Each structure stands twice: as structure tokens, then as C-alpha cells.
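Participant: Could you put together the complete structure from these sequences and hints?
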Amino acid sequence: MNQPVVHPDDIDIVELRVPSKAEWVALARLSVAAVASRLHFSIDEIEDIKLAVAEACTNAIQHAHGSAYIEIKCEALAEGLRINVRDYGRGTRPETIRSRNIEEERVGGLGVFLIRSLMDDVTYDVHPENGTQLVMLKRLPG
Amino acid sequence: MDIKVNVREAQGDCYVVDLGGEIDVYTSPKVKDAIGELIDRGVYHLVINLEKVRYIDSTGLGVLIGGLKRVREHGGSVNLVCTNPQIKKIFDITGLVKIFGIFESEDAAMKALV
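Line by line, the protein sequences give chains A and B.
Per numbering that gives the first Met the number 0, residue 0 is the first one in the first sequence, and the count goes up by one each step.
Per numbering that gives the first Met the number 0, residue 0 is the first one in the second sequence, and the count goes up by one each step.
Think of the hints as simulated: they come from the structure by calculation, not from any bench.
Predicted model only: the values in this text are computed from it and were never measured.
C-beta atoms are modelled at their ideal positions from N, C-alpha and C, and glycine is treated no differently.
Wrong hints could be hidden among the right ones.
Derived contacts from chain B toward chain A, CB cut-off under 10 Å, selection only [stated by the list, open to error]:
id, residue
1, Gln-10
2, Asp-12
3, Tyr-25
4, Ser-57
In silico DSS-like pairs for lysine-lysine, Cα to Cα no more than 30 Å straight-line [what the hints assert, rightly or not]:
id, chain 1, residue 1, chain 2, residue 2
5, A, Lys-20, B, Lys-51
6, A, Lys-20, B, Lys-110
7, A, Lys-20, B, Lys-87
8, B, Lys-110, A, Lys-72
9, B, Lys-31, A, Lys-20
10, A, Lys-72, B, Lys-97
Facilitator: Right, here's the structure in full:
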């Protein structure tokens, strides 16, 4: 986020950088919810987006060691809202980014499962030494 | 952001934990502590009332699962009261409806405990 980036004129972009601390997750999810509301998602869809963003931030806080910040970029596309959540921590292992078996009664591991369930397209790009980038899309109906 | 936790004794050896507000990575430790303190005191039958919870994420779900596992080790149980459709949906998606008793009212949750 340090360098100005030129974006295509037809895409509205909202960017946010929050400290990688638990107390800032609410601000992140509520900010993205405001963007989703601006794009006329339904209340249920906004709740889905809020939870997915919170889960992404929580994963970054809990697994990305040494990342001071989490960067969140929202792109208002014709087809919906694309959200990019980026951390720069070390130590995230690609194998930890997978959905759990929901039959397991264990604590933790539900976050990735929820993200994949609530959003339409989800891709992870995991670099153990240079952080994780999660890109997720919520399509507008119709 | 806020979380309200209130613990009260109910009938028999059952306790009710009333939760209100938002349960996430920041607030869930407070919920975990309240449930953990009850279990440490030997309370193994709990109703957790989520009627005033506006939001819960996986860390909140994790706290509830952790509490359930601990009371089950002592033959106990945890029933939930949940009327918020969005929160019910999360329990559905995650399959947690299969491991928790989820009820529309506190009375129903209490009656089903024993």
C-alpha cells in the first residue's frame, strides 16, 4: 500500500490497513460491511461478508507471525464485491489453509470452512516467508 | 464492540449463561473464562442463551465447543438458546446443530438438559 497504484477507472476501490490485533477486527468487518451495503447486497449477504472478512483477519492474527498490519482491499466489480486480505507474516503453512472436517468436534479450524461456505470464489496464495493473500468474491444476485 | 456475560443459577444443578453483543476473537476470551469458571466449580449442565448475541465467529463457536467437550467428560451437557436466523445459519453451515441442542426458548433448553 506504500506505492500509489493506478486502477482502472471503472472499478471503485476501498482500501483499509488495520493493526494485526484482535481489537481491530470489528472495525475491519464493519468497514467492509459498509462497502457491501453501498453495493446493495442484502442484509444476509452483508452478514456473510462480515463474517468472512473477520475470519480472514482472525487467521492472519493467529497464524501470521510478525505481520504488524493486515491490508484489506475491496473492489466493486460489476459482478459483485472482491475482497483481498493480505498479511506479511511468516510461518503460515499452506496445509493450515484448508477446510476442516465438520464432523470433528474440535476447537478451531472453522474459519477457513466458513469463508469457503459463505463466499463464492476463494483463493489463497500462501508464502511461508512473506505472508498470505486471500482473495474472495461475493457475487451480486442476478 | 461489546460483550455482556451474565451467569445465573437455575433449577437443580443447572446454570444459565446469558450472552449479549458480539463474540469474536477479541471478546471470546471473556466468554471462555465465564464458562471455564463454572466448569471448574463443578457445574456440568449449562444453558447458554444466545438470544441477545448479534454476531458470532469461529472463535466464539470454538469456545462453545470447548465448553461442551469439557462438560461431556463429566457426563454433562450444554444446550443453546438461539433465535437469531443469521446465527442459526452459522450453526447449520458448520454442522454444529448436530452436536448442540439448540432451542427457541430458555424453558425448552432447560427442560431438555436432564
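Participant: Confirm or reject each hint.
Facilitator: To see whether the hints hold, each was checked on the structure:
no.	hint	result
1	Gln-10	27 Å, violated
2	Asp-12	24 Å, violated
3	Tyr-25	4 Å, holds
4	Ser-57	4 Å, holds
5	A:Lys-20 to B:Lys-51	26 Å, holds
6	A:Lys-20 to B:Lys-110	41 Å, violated
7	A:Lys-20 to B:Lys-87	28 Å, holds
8	B:Lys-110 to A:Lys-72	48 Å, violated
9	B:Lys-31 to A:Lys-20	19 Å, holds
10	A:Lys-72 to B:Lys-97	36 Å, violated
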